[in-house]
Amino acid sequence: MERKELATAAATADEIRWVGTDLEPLGERERSLLAPLAATIEYEPGVLILHEGRPTPFLGILAAGRIALRLQVPARGPYVVVTLEPGDIFGWSALVPPHRATSDAVALTPVHALALDAERLRDVLRDDHEVAAQLLPIVLRCVSERLTSSWHQLLDLFGTRGVGPW
Amino acid sequence: MLPSPAGTTVPSLPGPPPDRWRAGTGEDSPRFLPLARLDVLIAELRRERRVVGPVVEDGALRMAEIERAAELPFGWTVSAEPGSVRLTRRESGAPGAERAFDNATAWSGIKPWTFPPRVDALSLERRDDGSVAVRVEAPTPIPTAVIGARACDLAALAAQDRVLTGGPAIDPDYATRRSDLFIVAVECAFATSVCFCTSMGTGPEVSSGADIVLSEIDGGFVARADSLAGRRLLESLALARAAPAQVRRATGQVAATRASMPSSVQADGLPERLLANLDHPRWEAIAERCLACANCTMVCPTCFCTGIEVGSDLDGRESKATRTWDSCFTAGYAQVAGGGSFRPRQRDRYRQWLTHKFGTWWDQFGTSGCVGCGRCIAWCPVGIDVREELSIIAAPPASEQLVAAPTVVGQSLPILSRSIRAGSVRMDYVTVRVAEVRQETADTSTLVLTTNDAALLSARPGQFVMVAMPAFAIPPISISRIRPDGLELTIRAAGPATSTLARLGPGAELGLRGPLGRAWPIEDAFERDVAIIAGGIGLAPLRGLLDQVLAQADRFRSIRVYLGARTPRDRLFVSEIEELTARGVDVRLTVDRAGPEWLGRVGIITELFRGAKPTGANVTAFVCGPERMMTAVVDRLTDLAVPREHIWLTLERRMECGVGLCGHCQLGKRFVCKDGPVFSVSELGEDLRREGL
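Chains D and Y, in that order, give the protein sequences. At the far end of the first sequence sits residue 249, using my numbering, and the numbering has no gaps. At the far end of the second sequence sits residue 765, using my numbering, and the numbering has no gaps.
Any given hint could turn out to be false.
[What the hints assert, rightly or not] Pairwise CB distance ranges, derived in the manner of DEER restraints: (1) Pro128/D - Arg641/Y: 21 to 27 angstroms; (2) Glu460/Y - Leu219/D: 53 to 59 angstroms; (3) Gly245/D - Ala142/Y: 53 to 59 angstroms; (4) Asp206/D - Thr639/Y: 40 to 46 angstroms; (5) Asp596/Y - Arg244/D: 31 to 37 angstroms.
[Claimed, not checked] With a cut-off of at most 25 angstroms between alpha-carbon atoms, the simulated SDA-like pairs for lysine to any residue come out as follows: (6) Lys685/Y - Ile631/Y; (7) Lys685/Y - Ala625/Y; (8) Lys685/Y - Leu109/D; (9) Lys685/Y - Ser227/D; (10) Lys685/Y - Arg224/D; (11) Lys685/Y - Asp596/Y; (12) Lys685/Y - Thr104/D; (13) Lys685/Y - Ile221/D.
[To be verified] Partial list, derived from the structure: chain Y residues whose beta carbon lies under 8 angstroms from chain D: (14) Gly404; (15) Ala409; (16) Gly411; (17) Ala545; (18) Ala637; (19) Arg665; (20) Met701.
FYI, nobody ran anything at the bench for these hints, they're computed from the structure. Beta carbons are placed, not taken as given, at the ideal position from N, Cα and C, and that holds for glycine.
Make a model of the complete structure from these sequences and hints.
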């Protein structure tokens, strides 16, 4: 699948929504420092947004639509690990070395998102520690939740465990 | 509400029991039964009853049917220590050589006669026309007299009475056997090193529960009647009054026995101290010694746990369910559908036994589960001594000296759940017919059952039924829908019985017992935001609740449904759920794993809360799924400020009887079958996530 963006454009102030997203806890000052980095992006269903193993170009904030994070398993095909809903951030590897995507991200529906350019974002975090202090816990929380989800999926809680007494 | 007595300490009464051996001239004054006339007493008893007394068998004392006094253990004495019991014959002419009861408790106690190791429970039959009949076996009453019961035996009998006949469910077999039991008790003239009845407040004096009480002295017995039947019998023997000196010898003897027993268990406050130490390192140390042989539970006169074994003829037409003694030490005891066990480790099982016996028994039955007979100590092959273990795990505060507990036989604390009338729980099975079968997933089917049984039709969402078929174990199945003409059960194949049930066709018949257990408290959600949260087969017990919520939707502020499934193919009630969505109900669904063709959500169920938060004090949540999923849901709901008393769960445990008699489904002080299976998170408290409880 090709990475095919329908549109990329610098976001206007009206297009940037913080409330109701994972980035809502950011302060006014921090939001104003990040807004210039933002671009709006749109994808058609089926489009590969991030590619596992390749550099992550941006930290995304899903505004509308559904994204699947999935892994390619040779001879088994793609395996969906988790789906993302509006308000979720994606592409956290933009902030975490080695800055490579840990899964594919695919648009399951028409997707509308905000993208914070990875290199410029890292520059801001290096220069302004207050932004870093506010943004990194948000990103770590996202990583922690994905980790916990993966553990739960690994437990296969809804699966049958063996033969019981009945 | 759960049984929760105001306090669980042993009531404080001063000293040993009041003297019941008042010498005097009245009709009730003690009599003297010469040794030579013991056979007359036994013969009188045998006119209407079989007589059971201690006999020497395989180097130990056992309660067995006897015909003559000579069969009693005359001249035998017993020495018992942790892991050791030895009988010794006294030499002719030595003190006690002419005595029958100057030894100790028989290892078997009375229990095998009132609560036999195996009894027929049900007969199940599949007839040629496919119809099924399930009959509860009625025991044949055999009038029985026990001679030689000790004070601890009587205290144990009283404890079992509370468990098995205290209600709301009554064990019909025990009740029948117990109803016509005549007891000739003996006050102990001798205590072994494992005896600790004084610590538990049950003896050695016999204060209640007997018809006749004997105290053996040289040449015969001082005897008193403690019941009308006992008095009639003594009168029929036309015995002379005991001389004051004989009465003094009898009372002095038992007082000496009391004095010979060092206080070894500080019973006052023991339940609290024990339950405060569920994480004590000693549990692991015991587990390394314990062989899990279950000897302690087999010789314990109060242990009441049972299992159901179903045997069948080869073509599965006729089968019998047998109620057998079971033990919380066995690996399969806490096993559930799918084969997992809630007490996988040895330490979990030992802890269950000891904390139940000395702790949670008070919450459940208002009395101690231990009577201080010491059998579990003597018959433990590795000599684990509960007195020593209790002194380490539940050590009394350093300032407290060990003191003998007062005798509290017959005394007990009120139990709140006893408001339900004893015997009000139905024990019979109703035959129902499978009208329709819907295959939900590859391994799960819904059986639509028709019945006109009023009790079954009065079932409420969250309750369950025991489902009997000839030749199969009897599983508890939650009710997934209540219809005007019957019930629906949604069954996942997870073992032989459920696999067979899930493959039944229309026209098949089943036996149902129920409805059982506590229902979802729908009224807790009136005028509030309802969140129904189900994972996997956990949707089945919530489906009936969803029906009722939707039927009176205007009573709720909002209704949200959150569903988790393993894969898209494992979703239950797919068309019904789609209809709900079409009707505008807020239903969110996620699956744990999916292929690329699935365009819905993938992730764990708590992620559904991100988009539509069940937030705040006005939410009532009803949750069912694997326990690990439910604890994750509880954590998220708590983060979202949903009050714990408004989060309701239904727990899975091994429910073998469904009515609180078999012991299997205990979670701390609770019987999940009758106190639950629905609980609020605040009711469960710390027990919800305690490992191995």
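*Which earlier hints turn out false for this structure, listed by number in ascending order?*
none
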